[in-house]
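Work out the full structure: start from the sequences and follow the hints.
Just so you know, the sequences run in chain order A and B.
Quick note on the working numbering: the first sequence kicks off at 1 and runs consecutively.
Quick note on the working numbering: the second sequence kicks off at 219 and runs consecutively.
Careful: at least some of the hints might be erroneous.
No more than 30 Å apart at the CA atoms, straight line, and that leaves these computed lysine-lysine pairs for DSBU-like [claimed, not checked]:
no.: 1; chain 1: A; residue 1: K87; chain 2: B; residue 2: K305
no.: 2; chain 1: A; residue 1: K11; chain 2: B; residue 2: K332
no.: 3; chain 1: B; residue 1: K229; chain 2: A; residue 2: K110
no.: 4; chain 1: B; residue 1: K332; chain 2: A; residue 2: K114
no.: 5; chain 1: A; residue 1: K114; chain 2: B; residue 2: K328
no.: 6; chain 1: B; residue 1: K363; chain 2: B; residue 2: K332
no.: 7; chain 1: A; residue 1: K199; chain 2: A; residue 2: K173
no.: 8; chain 1: B; residue 1: K229; chain 2: B; residue 2: K353
no.: 9; chain 1: A; residue 1: K145; chain 2: A; residue 2: K110
no.: 10; chain 1: A; residue 1: K110; chain 2: B; residue 2: K250
no.: 11; chain 1: A; residue 1: K110; chain 2: B; residue 2: K246
no.: 12; chain 1: A; residue 1: K169; chain 2: A; residue 2: K45
no.: 13; chain 1: B; residue 1: K263; chain 2: B; residue 2: K229
no.: 14; chain 1: B; residue 1: K328; chain 2: A; residue 2: K110
no.: 15; chain 1: A; residue 1: K87; chain 2: A; residue 2: K140
no.: 16; chain 1: A; residue 1: K199; chain 2: A; residue 2: K57
no.: 17; chain 1: B; residue 1: K229; chain 2: A; residue 2: K114
no.: 18; chain 1: A; residue 1: K114; chain 2: B; residue 2: K305
no.: 19; chain 1: A; residue 1: K87; chain 2: B; residue 2: K353
no.: 20; chain 1: A; residue 1: K11; chain 2: B; residue 2: K328
no.: 21; chain 1: B; residue 1: K305; chain 2: A; residue 2: K135
no.: 22; chain 1: A; residue 1: K57; chain 2: A; residue 2: K208
no.: 23; chain 1: A; residue 1: K208; chain 2: A; residue 2: K28
no.: 24; chain 1: B; residue 1: K328; chain 2: A; residue 2: K87
no.: 25; chain 1: A; residue 1: K110; chain 2: B; residue 2: K332
no.: 26; chain 1: A; residue 1: K32; chain 2: B; residue 2: K328
no.: 27; chain 1: B; residue 1: K305; chain 2: B; residue 2: K328
no.: 28; chain 1: B; residue 1: K229; chain 2: B; residue 2: K246
no.: 29; chain 1: A; residue 1: K110; chain 2: A; residue 2: K57
no.: 30; chain 1: A; residue 1: K28; chain 2: A; residue 2: K135
no.: 31; chain 1: B; residue 1: K263; chain 2: A; residue 2: K87
no.: 32; chain 1: A; residue 1: K45; chain 2: A; residue 2: K135
no.: 33; chain 1: A; residue 1: K57; chain 2: A; residue 2: K45
It is worth saying that the hints were derived from the structure and are not from the lab.
Number of protein chains: 2
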Amino acid sequence: MRQETIENYLKTIYHLSSHNTLIVSNQKIAGKLHLNPATVTEGVKKLHELKYVVYEKSYGTRLTAAGIKLTLDIIRRHRIWETYLAKELGFGWDEVHAIAEELEHVNNVKLINKLAAILGNPIYDPHGDPIPDEKGNIQKSNFIKLSEAKLGLNYIVMGVTDHSTTFLKYLEKHHLIIGARLNIIAIEDFDNSILLVCKKKEVSISSKASACIIVQTI
Amino acid sequence: MRQETIENYLKTIYHLSSHNTLIVSNQKIAGKLHLNPATVTEGVKKLHELKYVVYEKSYGTRLTAAGIKLTLDIIRRHRIWETYLAKELGFGWDEVHAIAEELEHVNNVKLINKLAAILGNPIYDPHGDPIPDEKGNIQKSNFIKLSEAKLGLNYIVMGVTDHSTTFLKYLEKHHLIIGARLNIIAIEDFDNSILLVCKKKEVSISSKASACIIVQTI
DNA sequence: TTATTAATTTAGGCATCCCAAAAAGAAAAT
DNA sequence: ATTTTCTTTTTGGGATGCCTAAATTAATAA
Chain A
1 MRQETIENYL KTIYHLSSHN TLIVSNQKIA GKLHLNPATV TEGVKKLHEL
51 KYVVYEKSYG TRLTAAGIKL TLDIIRRHRI WETYLAKELG FGWDEVHAIA
101 EELEHVNNVK LINKLAAILG NPIYDPHGDP IPDEKGNIQK SNFIKLSEAK
151 LGLNYIVMGV TDHSTTFLKY LEKHHLIIGA RLNIIAIEDF DNSILLVCKK
201 KEVSISSKAS ACIIVQTI
Chain B
219 MRQETIENYL KTIYHLSSHN TLIVSNQKIA GKLHLNPATV TEGVKKLHEL
269 KYVVYEKSYG TRLTAAGIKL TLDIIRRHRI WETYLAKELG FGWDEVHAIA
319 EELEHVNNVK LINKLAAILG NPIYDPHGDP IPDEKGNIQK SNFIKLSEAK
369 LGLNYIVMGV TDHSTTFLKY LEKHHLIIGA RLNIIAIEDF DNSILLVCKK
419 KEVSISSKAS ACIIVQTI
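Quick look at the structure:
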């Protein structure tokens with residue numbers, strides 16, 4: 001798979017998943033990339049093999065840690081170039097996106113870091129979007145997936161990323177509705193399942209389910 | 219044919235032909251691009267269809283006017299980036315080539331002209347190679363192909379670009395050896411053949427032959 | 001629950017870009 | 001002038017990336 005193709009898929013998946021919290025459908029990816037859904041099925045299969053995403057048949061796709069890291073690299077390059085084009089080379093904010101779209105594929109860490117340094121290592125680009133740093137740290141909301149929750153902390157359920165009937169029924173059964181408060185009491189090393197207390201009852205949530213529940217620290 | 223593939227072929231042909239005066243063999247192109255000669259046969263056929271080169275089977279390839287223009291665009295981008303990377307971004311001369319090799323494929327006239335303006339529209343890059351201007355003008359030697367010679371002027375034969383026995387015999391017959399002095403007395407609109415005087419004899423040279431003879435004004 | 005609608009995947013096909021090996025052609029050497 | 005050597009082209013085939021149409025699967029509505 002060509003590097004540019006990989007990068008375009010990952011960027012699309014990242015943006016469609018609202019900063020990497022949602023599971024993304026083939027149709028949405030196909031729409032953004034102007035590809036046929038059948039093509040996207042092939043594409044996400046290959047990205048899965050490359051370990052950049054987890055793709056489950058007839059279900060959807062989400063980025064892996066490696067996928068997120070690469071995507072943030074691309075976004076960093078894109079936003080640093082946008083900022084440099086606007087601030088140092090006098091381009092209008094309306095012009096910079098299209099040029100950055102091409103420049104972002106040139107992967108040279110020293111070059112991007114040099115441009116960033118000249119700009120004073122900005123954290124936001126001209127459009128107000130956050131620029132990841134070299135390590136992939138980015139200013140973001142404190143919405144996380146339940147699968148990323150930490151032991152002992154309290155959370156509130158903010159939403160879900162899977163709207164299938166079976167999943168919603170599963171949540172209802174465990175009272176994991178929007179607004180529900182949770183306390184994490186154990187995280188199993190074995191299968192990454194999460195043991196939590198909700199409505200004074202202990203519930204064990206599989207890693208698959210916890211990756212579809214969006215929570216916020218309280 | 220992908221734009222990047224086209225550009226890599228044209229650059230290679232340009233450089234192998236010593237600034238576009240020589241006919242280039244498939245083998246040479248294959249060597250530079252690390253491709254199989256069979257692949258290059260296909261490649262130059264397509265470039266011929268695209269009117270960027272004239273390819274003659276079992277003979278060789280040379281750039282057309284359109285091919286030269288595009289190539290000079292690419293060389294301009296490459297050399298402007300090299301200069302910008304070295305002078306404005308503090309990269310070493312040894313580092314700039316590899317980065318420029320990628321940046322050169324981003325085709326945005328305004329961007330390159332902006333960088334050139336910042337640099338003071340340089341005519342030479344850090345390596346001393348000439349930078350074409352926006353219109354494709356480039357500092358070059360006064361060696362030209364006989365096919366580009368002008369009516370009425372005098373020239374001296376400096377070399378040939380085709381070393382086949384049949385061609386060399388043809389030249390010998392007309393006394394067109396290296397060092398021979400020529401005066402152009404007519405250029406036929408019909409077939410671009412050139413009528414010239416050499417050793418006090420009138421000789422008509424076909425456009426194909428005149429494209430293989432390198433001359434210099436005297 | 002079943003029927004309908006929508007999304008996804010499979011299957012088959014086409015174009016591109018690459019290769020190796022065989023065949024053809026041109027150049028060089030005897 | 002003929003053989004040998006080198007280059008180029010042809011042939012056939014593999015991998016990729018894209019498509020359409022048909023089949024499957026999931027979601028929604030009745």
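Results for each hint:
Restraint check for K87/A and K305/B: the C-alpha separation of about 19 Å stays at or below 30 Å, so the hint holds. Restraint check: the Cα-Cα separation between K11/A and K332/B comes to about 29 Å, which is no more than 30 Å; the hinted pair holds. Among the hinted pairs, K229/B with K110/A is consistent with the structure: their alpha-carbon atoms are about 26 Å apart, no more than 30 Å. Taking the CA atoms of K332/B and K114/A, the gap is near 19 Å; set against the 30 Å cutoff, the hint holds.
Restraint check for K114/A and K328/B: the C-alpha separation of about 22 Å stays at or below 30 Å, so the hint holds. Taking the CA atoms of K363/B and K332/B, the gap is about 34 Å. The hint is violated against a cut of 30 Å. For the given pair, K199/A sits about 12 Å from K173/A by alpha-carbon distance, which is consistent with the 30 Å threshold. A hinted pair counts as satisfied when its Cα atoms are at most 30 Å apart, and K229/B with K353/B qualifies at roughly 17 Å.
Simply put, K145/A and K110/A have alpha-carbon atoms about 33 Å apart, too far for the 30 Å limit, and the pair is violated. A threshold of 30 Å between alpha carbons decides the hint, and for K110/A with K250/B the separation of about 27 Å falls inside it, so the pair holds. For the hint pairing K110/A with K246/B, the CA-to-CA distance comes to about 34 Å; that exceeds 30 Å, so the pair is violated. Proposed proximity of K169/A and K45/A is supported: the alpha carbons are some 29 Å apart, at most 30 Å.
For the hint linking K263/B to K229/B, the alpha-carbon distance of about 16 Å falls within 30 Å, and the restraint holds. Between K328/B and K110/A the CA atoms are separated by roughly 24 Å; this keeps the pair inside 30 Å, and the hint holds. Annotation: proposed proximity of K87/A to K140/A holds, straight-line Cα distance about 24 Å (limit 30 Å). A distance of roughly 34 Å separates the Cα atoms of K199/A and K57/A; the hinted pair therefore is violated under the 30 Å criterion.
Distance restraint check for K229/B and K114/A: the Cα-Cα separation of roughly 29 Å lies within the 30 Å cut-off, and the hinted pair is therefore satisfied. Among the hinted pairs, K114/A with K305/B is consistent with the structure: their alpha-carbon atoms are about 13 Å apart, no more than 30 Å. In summary, the hint linking K87/A to K353/B is supported, as the alpha carbons are separated by about 28 Å, within the 30 Å threshold. Taking the CA atoms of K11/A and K328/B, the gap is about 26 Å. The hint holds against a cut of 30 Å.
About 28 Å separates the Cα atoms of K305/B and K135/A, which keeps this hinted pair within 30 Å; it holds. Proximity of K57/A to K208/A is assessed by CA-CA distance (about 14 Å); at most 30 Å being required, the pair is judged to hold. Restraint check: the Cα-Cα separation between K208/A and K28/A comes to about 21 Å, which is no more than 30 Å; the hinted pair holds. For the suggested pair K328/B and K87/A, the alpha carbons sit about 15 Å apart, so the restraint of at most 30 Å is met.
The suggested pairing of K110/A with K332/B holds, with an alpha-carbon distance near 22 Å, which does not exceed 30 Å. Distance hint between K32/A and K328/B is fulfilled; the C-alpha atoms sit about 27 Å from each other, no more than 30 Å. With a C-alpha separation of about 19 Å, the suggested pairing of K305/B with K328/B holds against the 30 Å cut-off. Using a Cα cut-off of 30 Å, the hinted pair K229/B and K246/B holds, with the two alpha carbons roughly 13 Å apart.
Of the pairs offered as hints, the one joining K110/A and K57/A is violated, with about 39 Å between alpha carbons and a cut-off of 30 Å exceeded. For the suggested pair K28/A and K135/A, the alpha carbons sit about 29 Å apart, so the restraint of at most 30 Å is met. Annotation: proposed proximity of K263/B to K87/A is violated, straight-line Cα distance about 45 Å (limit 30 Å). Simply put, K45/A and K135/A have alpha-carbon atoms about 27 Å apart, close enough for the 30 Å limit, and the pair holds.
Between the alpha carbons of K57/A and K45/A the distance comes to roughly 9 Å, so the proposed pair stays at or under 30 Å and holds.
Hint compliance for this structure: hints 6, 9, 11, 16, 29, 31 are broken, all remaining hints hold.
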